[in-house]
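J.: As a plain string of letters, each chain reads:
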Amino acid sequence: DVKVTQSSRYLVKRTGEKVFLECVQDMDHENMFWYRQDPGLGLRLIYFSYDVKMKEKGDIPEGYSVSREKKERFSLILESASTNQTSMYLCASSFFRQGKINEQFFGPGTRLTVL
Amino acid sequence: GNSVTQMEGPVTLSEEAFLTINCTYTATGYPSLFWYVQYPGEGLQLLLKATKADDKGSNKGFEATYRKETTSFHLEKGSVQVSDSAVYFCALFSGGYNKLIFGAGTRLAVHP
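Chains as they are written, first to last, in this note's numbering: chain A, 1 to 115; chain B, 1001 to 1112.
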């Protein structure tokens, strides 16, 4: 069965802390994505990766960085957490097959609160 | 740029009522269109998709037709159940690497 797992369901951090959110997929997918979900705004893409050590900025990359050292793992890093980064963070993955629309599979999300 | 607009929620219905959730899009070319569903406490799941004009996507009793002339992809179900209570997201595929653009989401609450 397809599976995307995220390291925590709930996380509480303090302003200025460095925060790591981990995502692991077991489907050998090339693409991995990090979104944040906020009420009234839907999902917005932060970063994505199409291969190991490769990354591309999404629509709202400011204040975030990512790391992909292994194909199955994609980490989102908040270098210095701020209260406006309180949100639900969703990881997703998909194959990349040229000329095809490849379904994205989502993890359960991490609800991060920054105090 | 590309964008997706959904009707605001919440939508509250009684069991067995007819459901419509409106979705319109702005995009260059002919994007592929999707509906995702998020049940409480879970991530998003693909509900249905359509890849070209006049295609109809369907799954679990839900349907949506890709209407190029009105740039719409409205979600419908003839008879909703309590178990359909969830947040529904309309999305379009934009560009390479399977990047998706999502609407704001519409919360559906179905009461017995």
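Read the hints as simulated data drawn from the structure, not as lab findings.
From the three backbone atoms N, C-alpha and C, an ideal C-beta is built for every residue, glycine too.
Mixed in with the good hints, there may be bad ones.
In silico DSS-like cross-links for lysine-lysine, where the CA-CA straight-line distance does not exceed 27 Å [as the list claims (entries may be wrong)]: (1) Lys3(A) with Lys1099(B); (2) Lys1068(B) with Lys1056(B); (3) Lys70(A) with Lys53(A); (4) Lys55(A) with Lys1099(B); (5) Lys1068(B) with Lys100(A); (6) Lys57(A) with Lys1056(B); (7) Lys1068(B) with Lys1099(B); (8) Lys18(A) with Lys100(A); (9) Lys70(A) with Lys55(A); (10) Lys100(A) with Lys1056(B); (11) Lys1052(B) with Lys71(A); (12) Lys57(A) with Lys100(A); (13) Lys1052(B) with Lys13(A); (14) Lys57(A) with Lys1099(B); (15) Lys1068(B) with Lys70(A); (16) Lys70(A) with Lys1060(B); (17) Lys53(A) with Lys1049(B); (18) Lys1052(B) with Lys1068(B); (19) Lys100(A) with Lys1052(B); (20) Lys1068(B) with Lys3(A); (21) Lys1049(B) with Lys57(A); (22) Lys53(A) with Lys1056(B); (23) Lys1099(B) with Lys1060(B).
Calculated Cβ distances over 10 Å to all of chain A for the following chain B residues [what the hints assert, rightly or not]: (24) Ala1027; (25) Glu1076; (26) Asp1084; (27) Phe1102.
J.: All hints, please: hold or fail.
T.: Hint check results:
no. : hint                       : in the structure
1   : Lys3(A) with Lys1099(B)    : holds, 20 Å
2   : Lys1068(B) with Lys1056(B) : holds, 12 Å
3   : Lys70(A) with Lys53(A)     : holds, 8 Å
4   : Lys55(A) with Lys1099(B)   : holds, 13 Å
5   : Lys1068(B) with Lys100(A)  : holds, 20 Å
6   : Lys57(A) with Lys1056(B)   : violated, 33 Å
7   : Lys1068(B) with Lys1099(B) : holds, 21 Å
8   : Lys18(A) with Lys100(A)    : violated, 38 Å
9   : Lys70(A) with Lys55(A)     : holds, 13 Å
10  : Lys100(A) with Lys1056(B)  : holds, 18 Å
11  : Lys1052(B) with Lys71(A)   : violated, 32 Å
12  : Lys57(A) with Lys100(A)    : holds, 22 Å
13  : Lys1052(B) with Lys13(A)   : violated, 45 Å
14  : Lys57(A) with Lys1099(B)   : holds, 11 Å
15  : Lys1068(B) with Lys70(A)   : violated, 41 Å
16  : Lys70(A) with Lys1060(B)   : violated, 36 Å
17  : Lys53(A) with Lys1049(B)   : violated, 31 Å
18  : Lys1052(B) with Lys1068(B) : holds, 9 Å
19  : Lys100(A) with Lys1052(B)  : holds, 13 Å
20  : Lys1068(B) with Lys3(A)    : violated, 34 Å
21  : Lys1049(B) with Lys57(A)   : holds, 26 Å
22  : Lys53(A) with Lys1056(B)   : violated, 38 Å
23  : Lys1099(B) with Lys1060(B) : holds, 25 Å
24  : Ala1027                    : holds, 14 Å
25  : Glu1076                    : holds, 20 Å
26  : Asp1084                    : holds, 19 Å
27  : Phe1102                    : violated, 4 Å
Going down the numbered hints, you'll see the structure goes against 6, 8, 11, 13, 15, 16, 17, 20, 22 and 27, while the others check out.
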